[in-house]
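Asks: What follows is the residue order along each chain.
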Amino acid sequence: MKKTKYRSQSGNAFLVAVSAVILGLIGGAVLMAAIGSNPFMGFYYLFRGGLMNIERIGNTLATATTLMLVGLSVAFAFKTGLFNIGASGQMLIGGLCATLVAHKVFLPRPLFLVVLVASALIGGALWGVIPGFLKARFNVHEVVATIMMNWIAYWSIYYFVPAYLKGPSLETESASIAISQSLRAPWLTKLFNGSYINYGFFIAIVCVIIIRFVLDKTTLGFGLKAVGSNRWCAEYAGIKVNRNVVISMMIAGGLAGLAGLTFYTGYSRNMQIGVMPAQGFDGIAVALLGASNPLGVLFSSLFFGILQSGKGFMNAMTSVPPEIADSIIAVIIYFTATSVLFQRFWDRIARRRGSRRADQREEE
Amino acid sequence: MWSTLSSIFPYAIAYTIPLLITALGGLYSERSGVTNLGLEGLMLVGYFACAITIRLLQDTMAHSVWLLTLGLVASVVAGALFSLLHAFASINLQADQVISGTAINMLAGALTVYLARLISGSGNVRIRMGIIRKNIPFLSKIPIIGPLFFTQTYWTTWVVLAIWALSWLLLYKTSFGLRLRACGEHPSAVASAGVNVHRMRYFGVVMSGALAGLGGGVILITYSGEFHGTVAGLGFLSIAALIFGQWKPLGILGATFFFGSATTIANVSQVIPSLSVVPPVIFKIFPYVATLAALVLFSKKSAAPKASGQPF
Numbered sequence: 001m002k003k004t005k006y007r008s009q010s011g012n013a014f015l016v017a018v019s020a021v022i023l024g025l026i027g028g029a030v031l032m033a034a035i036g037s038n039p040f041m042g043f044y045y046l047f048r049g050g051l052m053n054i055e056r057i058g059n060t061l062a063t064a065t066t067l068m069l070v071g072l073s074v075a076f077a078f079k080t081g082l083f084n085i086g087a088s089g090q091m092l093i094g095g096l097c098a099t100l101v102a103h104k105v106f107l108p109r110p111l112f113l114v115v116l117v118a119s120a121l122i123g124g125a126l127w128g129v130i131p132g133f134l135k136a137r138f139n140v141h142e143v144v145a146t147i148m149m150n151w152i153a154y155w156s157i158y159y160f161v162p163a164y165l166k167g168p169s170l171e172t173e174s175a176s177i178a179i180s181q182s183l184r185a186p187w188l189t190k191l192f193n194g195s196y197i198n199y200g201f202f203i204a205i206v207c208v209i210i211i212r213f214v215l216d217k218t219t220l221g222f223g224l225k226a227v228g229s230n231r232w233c234a235e236y237a238g239i240k241v242n243r244n245v246v247i248s249m250m251i252a253g254g255l256a257g258l259a260g261l262t263f264y265t266g267y268s269r270n271m272q273i274g275v276m277p278a279q280g281f282d283g284i285a286v287a288l289l290g291a292s293n294p295l296g297v298l299f300s301s302l303f304f305g306i307l308q309s310g311k312g313f314m315n316a317m318t319s320v321p322p323e324i325a326d327s328i329i330a331v332i333i334y335f336t337a338t339s340v341l342f343q344r345f346w347d348r349i350a351r352r353r354g355s356r357r358a359d360q361r362e363e364e
Numbered sequence: 365m366w367s368t369l370s371s372i373f374p375y376a377i378a379y380t381i382p383l384l385i386t387a388l389g390g391l392y393s394e395r396s397g398v399t400n401l402g403l404e405g406l407m408l409v410g411y412f413a414c415a416i417t418i419r420l421l422q423d424t425m426a427h428s429v430w431l432l433t434l435g436l437v438a439s440v441v442a443g444a445l446f447s448l449l450h451a452f453a454s455i456n457l458q459a460d461q462v463i464s465g466t467a468i469n470m471l472a473g474a475l476t477v478y479l480a481r482l483i484s485g486s487g488n489v490r491i492r493m494g495i496i497r498k499n500i501p502f503l504s505k506i507p508i509i510g511p512l513f514f515t516q517t518y519w520t521t522w523v524v525l526a527i528w529a530l531s532w533l534l535l536y537k538t539s540f541g542l543r544l545r546a547c548g549e550h551p552s553a554v555a556s557a558g559v560n561v562h563r564m565r566y567f568g569v570v571m572s573g574a575l576a577g578l579g580g581g582v583i584l585i586t587y588s589g590e591f592h593g594t595v596a597g598l599g600f601l602s603i604a605a606l607i608f609g610q611w612k613p614l615g616i617l618g619a620t621f622f623f624g625s626a627t628t629i630a631n632v633s634q635v636i637p638s639l640s641v642v643p644p645v646i647f648k649i650f651p652y653v654a655t656l657a658a659l660v661l662f663s664k665k666s667a668a669p670k671a672s673g674q675p676f
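Top to bottom, those sequences are chains A and Y. Residues in the first sequence are numbered consecutively from 1, following my numbering. Residues in the second sequence are numbered consecutively from 365, following my numbering.
These are calculated hints, taken from the structure and not from any lab test. For glycine and all other residues, C-beta sits at the position ideal for the given N, C-alpha and C.
Distance ranges between label pairs, derived from CB positions:
#1 Y:Arg563 / A:Val206: 48 to 54 Å
#2 Y:Ser486 / A:Asn53: 28 to 34 Å
#3 Y:Thr368 / A:Leu107: 46 to 52 Å
#4 A:Gly36 / Y:Leu457: 31 to 37 Å
Generate the whole structure from the sequences, applying the supplied hints.
Replies: Put into structure tokens, the structure is as follows:
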């Protein structure tokens with residue numbers, strides 16, 4: 001596998017993203033119609049399920065929290081020209097570290113939260129820095145390395161959780177974390193009428209701001225982006241390419257680790273074994289749709305959050321299976337990958353308009 | 365020791381075969397110059413198609429020998445058709461092949477369960493009967509080799525091995541194979557010699573879909589017996605085997621057997637006391653660690669097709 005460039009498309013990135021979303025929704029509508037359901041009712045209940053009352057809005061935000069952090073992780077690596085397909089594994093390890101802390105460490109609440117966040121950050125960063133190092137030192141393609149790291153994490157947890165964190169009833173999941181040891185906050189739960197929303201949401205928002213600042217306003221960010229847009233040019237300019245690759249993967253891993261924190265100690269409060277977190281891949285969609293821009297990631301994660309949290313309600317009200325949300329996300333990713341198609345289309349329209357305008361001017 | 369070995373050996377082979385055929389599919393695709401990370405999804409599509417076909421036909425042709433064969437044919441066709449999505453994106457539209465492959469995985473995971481739910485509410489599809497294991501006459505009587513290789517075998521094992529041998533011949537002994545491999549190394553040179561690179565790459569990707577689909581079908585009718593919405597990373601394990609086998613047919617045969625055995629030992633180590641000394645997690649993560657180690661060791665002179673992943 002050779003290195004391919006993941007540049008954020010300029011100009012019509014927004015149009016491409018919107019076209020992909022529209023095609024994704026059309027794909028979803030076709031699937032609903034194919035099984036004899038009314039697509040309009042399906043979408044109505046899908047969005048209603050995500051937004052109908054304050055509790056569901058809270059759940060949507062909690063779902064979006066994890067997606068936002070994974071999306072940031074993938075987007076950050078994209079900026080350095082790296083593809084972090086290993087967010088799932090980094091989530092698992094970050095989540096595992098946080099779950100361990102939640103079960104074994106007892107401290108005053110503010111201090112505890114700091115330790116909890118730090119553990120997930122370090123766990124994820126460690127899982128991300130290994131592929132980064134292999135890439136920098138041995139030129140091992142980061143896609144392959146992160147996939148391997150995913151499955152190493154998956155199997156490690158498969159055996160670690162039942163052995164050391166087993167719950168009282170089920171063999172396949174860890175014991176539930178007490179509310180006071182989790183990211184949940186009673187005032188937030190009350191404010192949102194008993195929803196899953198937790199401190200993770202604020203962590204994610206802070207991360208969006210920090211990453212935006214790092215990328216746009218610091219030397220580090222400039223170096224990382226320079227490596228992403230042309231590594232030979234960056235090297236010639238005296239930027240340490242290999243060091244930047246390692247740093248980029250470390251930060252990306254840390255962000256994914258935080259995503260694991262928000263999911264395993266905030267949203268679900270336990271870890272199931274034998275499950276590769278799908279958010280790690282949904283995050284790729286979030287980053288692509290957000291054109292690898294932190295603010296874009298913020299909005300696209302909210303959109304996907306609505307889809308993911310509304311699917312249960314939709315399934316209860318109609319006969320459409322909940323997998324429709326994942327299908328729509330997959331179709332959106334497919335069409336962002338093939339964005340050349342739309343770029344050509346929009347370019348042609350723009351050109352036609354441009355030439356028509358020129359014609360008019362000549363006539364005048 | 366011998367009895368342990370001879371009892372788990374058939375399982376190791378049963379576990380190796382789907383990996384082998386899927387990795388072989390990956391070989392076709394990579395050699396033609398298209399990275400295919402969608403093998404996991406393509407396997408899943410084959411797994412699903414096989415389950416659905418057998419489920420729909422098992423009442424009308426319950427005792428026919430062709431039932432399982434038809435299931436396998438369905439899995440090959442479904443895998444090939446699904447891989448066209450990846451081929452179109454990466455060959456015609458010059459899309460990012462990693463992203464396209466990821467989309468294939470996600471789409472397969474969602475779509476198959478979506479459809480399966482319509483047939484059975486839970487999303488699991490069970491078939492009544494898989495392949496019955498048979499001893500090969502005469503050959504199973506040979507000492508040592510007989511009990512290891514020729515007892516309790518599935519017929520699909522021999523089909524897959526035949527496909528492997530034919531693929532080796534096709535890729536390394538024919539001019540067609542040479543051209544296909546050249547498309548993965550230096551496509552513009554092949555194009556200037558008058559070969560249609562796009563068509564060659566289509567062939568590579570569709571073969572990968574067909575063989576990965578077959579791999580999924582084989583899982584169903586040999587050791588699984590039920591579609592349950594995931595192939596649990598076997599597609600990615602096949603990619604690991606492809607890399608560990610250094611993109612060569614003989615290499616992937618060895619690598620898949622190695623990985624298949626490791627997984628089998630991990631699975632049975634709870635029941636066999638002599639194996640439980642080593643924690644099973646070691647065997648489970650071993651293939652991935654070994655692949656990373658191989659990548660590091662061979663980083664100076666990578667055997668990967670040079671143009672793999674690059675649009676032409």
